[in-house]
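**Student:** Please model the entire structure based on the sequences and the hints provided.
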Amino acid sequence: MTGTGTTTRLTEVLAAARAENRAALVGYLPAGYPSVEGSAAAMRAMVEGGCDIIEVGLPYSDPQMDGPVIQRAVEHALAHGTNTRHVIENVRAVAETGAATLVMSYWNPIERYGVERFASELAAAGGSGVITPDLIPDEAHAWIAATDAHRLDRIFLVALSSSDERIAYTTRHCGGFVYAASVMGVTGARASVSTLAGDLVARTRATTDLPVCVGLGVSTAAQAAEVAGYADGVIVGSAFVRALLDAPNEQAGLDAVRALAGELAEGVRKR
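FYI, in numbering that gives the first Met the number 0 the residues of the sequence shown are 0 to 270.
Just so you know, these hints were derived from the structure itself, not from any lab.
Take these hints with a grain of salt, some might be off.
So the derived label-pair ranges between C-beta atoms look like this [claimed, not checked]:
#1 258 x 18: 21 to 29 Å
#2 245 x 133: 25 to 33 Å
#3 80 x 205: 29 to 37 Å
#4 60 x 162: 29 to 37 Å
Just so you know, even glycine gets a beta-carbon here, dropped at the ideal spot from N, CA and C.
**Tutor:** Laid out in structure tokens, this is it:
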């Protein structure tokens, strides 16, 4: 629920997954890779493959949380002129499929674009909310007001290093779901998922009724099944970006992300 108490498409999708006794599959791609139109096509292919929720990444020149795979795609997007308007275009294209659609963005680009303008345009495009990895609720007064006004979910992060008091404070200001970062470090596929992620989810659930989705490190169906055993959503980013980067052409990239989404969708159903 947003601060206004309005149910968004994101809340509906997470509730539907829970009713099926499974975790939701959340897929991330940055807008603008390999092109603005190409990223929209790839996100639609991810929905066709089984992603319930799509995170549209806003390319940014100082991506503190992103590992080398995502950075490579983001650098390409920025070099080819991808901007915030293009991100909103991608959101509209994905939202039209019926999938819940979020933006993943660092705070500086939103502030520079205009907080009210960004929230207004995102809501008009059919977006459900925004994940802001480097914004904490203490410094989000303008963002909280704008997301309440436009009925958007604001998703803050909790981490392995967060105290129980900090988790409780953060979840009080979240809508849609709480993003649990399962590792300390940057994004990227890993050989195994942190064994501490389950404890973080349990600590987070003790403070809120919101779903808790886990991100960072998942790239295989087996890992998705493992995380789905204790989380409400499994977030996958670098593996999708890698599938596009490694493809010899755009059509092969679409086929690759669709196939990967299908494998991961089977994984979240094996919880």
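**Student:** Kindly confirm whether 21 to 29 Å is satisfied by the beta carbon distance between residue 258 and residue 18.
**Tutor:** Between residue 258 and residue 18, where Cβ atoms are some 27 Å apart, the hint holds.
**Student:** Can you let me know if the beta-carbon spacing of residue 60 and residue 162 is within 29 to 37 Å?
**Tutor:** 32 Å, holds
**Student:** The hint says 29 to 37 Å between residue 80 and residue 205; measuring C-beta to C-beta, is that right?
**Tutor:** Since the Cβ atoms of residue 80 and residue 205 sit about 45 Å apart, the hinted range of 29 to 37 Å is violated.
**Student:** Tell me if the beta carbons of residue 245 and residue 133 are separated by a distance inside 25 to 33 Å.
**Tutor:** 29 Å, holds
Checked against the numbered hints above, the structure violates only hint 3.
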